[in-house]
Amino acid sequence: MNVRVKLFGKAKDLNEEGIINLTFNDQVCVAEVRAALIQRCSDGRDEEYVKQLISDCALGSSDKILIDSETIDSSVHLVLLPPVCGG
Amino acid sequence: MGSVHIQIQEAVIDFTSASCLLEDEGCGAVIWFLGNVRKTNEGKDVLAVEYEAHRPLAEKTLKQICLEAQATFGADINLLIFHRIGRLNVGECSVLIGASSPHRENAYSASRFLIESLKKRVPIWKNEIYVSGNSKWLAGNQLHGN
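So the protein lines, in turn, are chains A and B. What the first sequence shows, in the numbering used here, is residues 559 to 645, in sequence order. What the second sequence shows, in the numbering used here, is residues 119 to 264, in sequence order.
Hints were generated in silico from the structure; no laboratory data involved. Backbone N, C-alpha and C fix where the C-beta goes; we use that ideal spot for every residue, glycine too. Heads up, a few of these hints could be off.
The following label-pair restraints were derived from C-beta to C-beta distances [said to hold, decoys possible]:
id, chain 1, residue 1, chain 2, residue 2, range
1, A, N560, B, C138, 27 to 35 Å
2, B, A147, A, S619, 50 to 58 Å
3, A, S633, B, E186, 40 to 48 Å
4, B, Q260, A, E574, 23 to 31 Å
5, A, H635, B, S121, 27 to 35 Å
6, A, S600, B, A147, 31 to 39 Å
7, A, H635, B, Q260, 20 to 28 Å
8, B, G251, A, E574, 17 to 25 Å
9, B, Q182, A, C587, 34 to 42 Å
10, B, C138, A, H635, 18 to 26 Å
11, A, C587, B, E168, 30 to 38 Å
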């Protein structure tokens with residue numbers, strides 16, 4: 559199962575292309591996607607910074623914010639949304 | 119039921135055409151709030167601000183906020199939120215909020231509710247670009263699922 563995560567705002571510090579592709583063998587919950595993102599992005603970086611940045615973000619689909627216990631059971635496009643500050 | 123007008127746009131906000139959208143002979147009060155790009159922030163000289171949005175979710179949330187305002191302050195209130203994205207120079211208007219209602223109290227309250235809710239709940243981000251050449255994504259409010 560492929561999960562494509564598009565990065566917004568400060569989260570783009572994690573990856574210049576603004577996209578992270580993850581592969582899972584089985585269904586996962588949002589918290590597991592978050593953990594996989596932390597692991598992937600920590601390579602060669604300050605792990606604490608990456609962990610804090612991703613933990614501060616919400617994961618969402620195209621039209622809603624997902625809660626950490628929500629299950630993802632098919633290939634999907636997600637978004638990583640840092641704290642907001644419009645206006 | 120009052121009207122709701124939402125736009126996320128790259129183009130400059132046209133206040134004259136926007137103001138026509140809130141015209142309502144039943145409304146004696148019209149409140150407008152304009153947010154502009156400030157020339158300094160936290161002691162730094164700002165050159166411009168780049169706004170980014172997750173557009174589908176931002177539009178959905180803005181609409182939800184307007185519906186909540188109507189439920190709280192009066193179903194007959196007309197509401198408008200236009201927010202720009204892309205690069206804005208100092209002095210440019212980044213957000214326009216309008217509220218018209220039969221009486222001023224509800225228009226003031228709704229307008230305040232819209233801007234405060236927007237800042238806390240709508241997926242929009244600011245990257246401040248400084249005269250020095252540096253830039254910084256501004257801190258904000260964490261989003262939470264229901």
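To see whether the hints hold, each was checked on the structure:
no. : hint                        : in the structure
1   : N560/A - C138/B: 27 to 35 Å : violated (47 Å)
2   : A147/B - S619/A: 50 to 58 Å : violated (39 Å)
3   : S633/A - E186/B: 40 to 48 Å : violated (34 Å)
4   : Q260/B - E574/A: 23 to 31 Å : holds (24 Å)
5   : H635/A - S121/B: 27 to 35 Å : holds (33 Å)
6   : S600/A - A147/B: 31 to 39 Å : violated (54 Å)
7   : H635/A - Q260/B: 20 to 28 Å : holds (22 Å)
8   : G251/B - E574/A: 17 to 25 Å : holds (19 Å)
9   : Q182/B - C587/A: 34 to 42 Å : violated (25 Å)
10  : C138/B - H635/A: 18 to 26 Å : violated (38 Å)
11  : C587/A - E168/B: 30 to 38 Å : holds (33 Å)
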